[in-house]
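Asks: The residues making up each chain are set out below.
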Amino acid sequence: QITLKESGPTLMKPTQTLTLTCTFSGFSLSTSGVGVGWIRQPPGQALEWLALIYWNDEKRYRSSLQTRLTITKDTSKNQVVLTMANLAPVDTATYYCAHIPGCSSGSCRRFFDDWGQGTLVTVSS
Amino acid sequence: QSALTQPASVSGSPGQSITISCTGTSNDIGAYNYVSWYQQHPDRAPNLLIFDVNNRPSGVSNRFSGSKSGNTASLTISGLQAEDEADYYCSSYTSSSTLYVFGTGTKVSVL
Numbered sequence: 001q002i003t004l005k006e007s008g009p010t011l012m013k014p015t016q017t018l019t020l021t022c023t024f025s026g027f028s029l030s031t032s033g034v035g036v037g038w039i040r041q042p043p044g045q046a047l048e049w050l051a052l053i054y055w056n057d058e059k060r061y062r063s064s065l066q067t068r069l070t071i072t073k074d075t076s077k078n079q080v081v082l083t084m085a086n087l088a089p090v091d092t093a094t095y096y097c098a099h100i101p102g103c104s105s106g107s108c109r110r111f112f113d114d115w116g117q118g119t120l121v122t123v124s125s
Numbered sequence: 001q002s003a004l005t006q007p008a009s010v011s012g013s014p015g016q017s018i019t020i021s022c023t024g025t026s027n028d029i030g031a032y033n034y035v036s037w038y039q040q041h042p043d044r045a046p047n048l049l050i051f052d053v054n055n056r057p058s059g060v061s062n063r064f065s066g067s068k069s070g071n072t073a074s075l076t077i078s079g080l081q082a083e084d085e086a087d088y089y090c091s092s093y094t095s096s097s098t099l100y101v102f103g104t105g106t107k108v109s110v111l
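Residue numbers (my numbering), protein chains in the order written: chain A, 1 to 125; chain B, 1 to 111.
If a hint is listed, it holds; no wrong ones were tucked in.
Derived contacts from chain B toward chain A, CB cut-off under 7 Å, selection only: (1) Tyr34; (2) Ser36; (3) Ala45; (4) Pro46; (5) Leu48; (6) Tyr89; (7) Tyr93; (8) Ser97; (9) Thr98; (10) Leu99; (11) Tyr100; (12) Phe102; (13) Thr104; (14) Gly105.
Heads up, simulated SDA-like pairs for lysine to any residue below, C-alpha to C-alpha not over 20 Å straight-line: (15) A:Lys59 / B:Ser96; (16) A:Lys59 / A:Val81; (17) A:Lys59 / B:Tyr93; (18) B:Lys107 / A:Glu48.
These aren't lab readings, by the way, just hints derived from the structure by calculation. Treat the numbers as computed from the prediction; the structure is a model and nothing was measured. C-beta atoms are modelled at their ideal positions from N, C-alpha and C, and glycine is treated no differently.
Using the sequences plus the hints, can you model the full thing?
Replies: Quick look at the structure:
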């Protein structure tokens, strides 16, 4: 059974740097094709993909936020960390991490099949 | 990369079928068969309903089905039930540096 859980501060001030940790179990981030992504959802709004990291340490970012985001993994701790610099009130959202399944029959997966419960981060002065 | 376009709301009576559209571009939905759909109940995390356009994960009811034509994908819910009342989001893999794009979301109401 795959589980993911996000952790981090709930209240931040503008210009600060946010660090969120996704701690997971039930899969290995060393398995071919497996990835972990971060998706956020401002209150009452739609989902927005932010970043992901693959088993081979390939990292991809939302282009509009690329200069502010950093994603890393610690395979031994089963954790993925997302940092977001220079926060603003518009970054107030619930932040989710989610699992991308590994490759199967030569085809790699492009969807998020298991999600964490999410963590609400409020940015306010 | 703009969000995929979905109707803000769709409603139906119990037992009816409804369809939610999701319109993208030739850089996302039109380029790949990597469309997925997610159901989200209030204050809950999204739950995967459909992947690769028309595949259901184990445990998802066969009342949910997906399809795609050109740059538009669709989710059909047949035999609508009260528990289907939720928000629904489509998503697609893209050819841009923003690898994934989500839809604007559709609120489904069961009358």
